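S.K.: Input sequences plus hints: build the corresponding full structure.
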Amino acid sequence: MFRHMAILKFKDDADPAAIDAYMAAFPGFANGMPTINKWYIGRNEGAGGESHVKRHGLRGNYDVGLVLEFYTPDDYLKYAESKEHQAFFERYCAPIFAERVVVQFHPGETEFHPD
Numbered sequence: 269m270f271r272h273m274a275i276l277k278f279k280d281d282a283d284p285a286a287i288d289a290y291m292a293a294f295p296g297f298a299n300g301m302p303t304i305n306k307w308y309i310g311r312n313e314g315a316g317g318e319s320h321v322k323r324h325g326l327r328g329n330y331d332v333g334l335v336l337e338f339y340t341p342d343d344y345l346k347y348a349e350s351k352e353h354q355a356f357f358e359r360y361c362a363p364i365f366a367e368r369v370v371v372q373f374h375p376g377e378t379e380f381h382p383d
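Residue numbering for the sequence shown follows the working numbering, beginning at 269 and increasing consecutively.
No lab work stands behind these hints: they were computed from the structure.
Here the structure is a predicted model, which means the values were calculated and not measured.
Just to be clear, a hint being listed does not mean it is correct.
To be verified - Taking CB as the label site, the calculated pair distances span:
hint	residue 1	residue 2	range
1	A355	P382	36 to 44 Å
2	P382	D288	33 to 41 Å
3	K279	D342	13 to 21 Å
4	R311	E352	20 to 28 Å
5	L334	D283	16 to 24 Å
6	K351	E313	32 to 40 Å
7	D281	T340	37 to 45 Å
For each residue, glycine too, the CB sits at the ideal point set by N, CA and C.
M.R.: Here it is, written out as structure tokens:
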């Protein structure tokens, strides 16, 4: 298993309709990409609120988190370099994203399964 995780921050002046369009279009896009095994996306629900962020010395919250699971790093590269991904990014992401933080990793032995 190979995972791609992204944390996204919207532009301050991002059109709410464009944000909604991105969130609505993502499931169809991800389901149509043959190298994606599983995916998860969600908007920040603000658990803990701003006081939680300040109390723990955090820099602030981002707006959306997503995780894409692939079988191999090559599957991720096929996805990342695909025309479909580039088109989706240009249409839905570029107009609204201010920042992205991404990481790719093998979960391997680092997974925790409480039993």
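S.K.: Would you say the C-beta atoms of P382 and D288 sit inside 33 to 41 Å of each other?
M.R.: holds (36 Å)
S.K.: Per the hint of 37 to 45 Å, is the separation of the Cβ atoms of D281 and T340 within bounds?
M.R.: The hinted range 37 to 45 Å holds for D281 and T340, with Cβ atoms some 39 Å apart.
S.K.: Is the hinted range of 20 to 28 Å satisfied by the C-beta distance from R311 to E352?
M.R.: holds (23 Å)
S.K.: Honestly, do K279 and D342 meet the 13 to 21 Å range at C-beta?
M.R.: violated (33 Å)
S.K.: Between the beta carbons of A355 and P382, is the distance compatible with 36 to 44 Å?
M.R.: holds (41 Å)
S.K.: Given a hinted range of 32 to 40 Å, is it respected by the beta-carbon distance of K351 and E313?
M.R.: holds (33 Å)
S.K.: Using the beta carbons of L334 and D283, state whether their distance is inside 16 to 24 Å or not.
M.R.: holds (20 Å)
Checked against the numbered hints above, the structure violates only hint 3.
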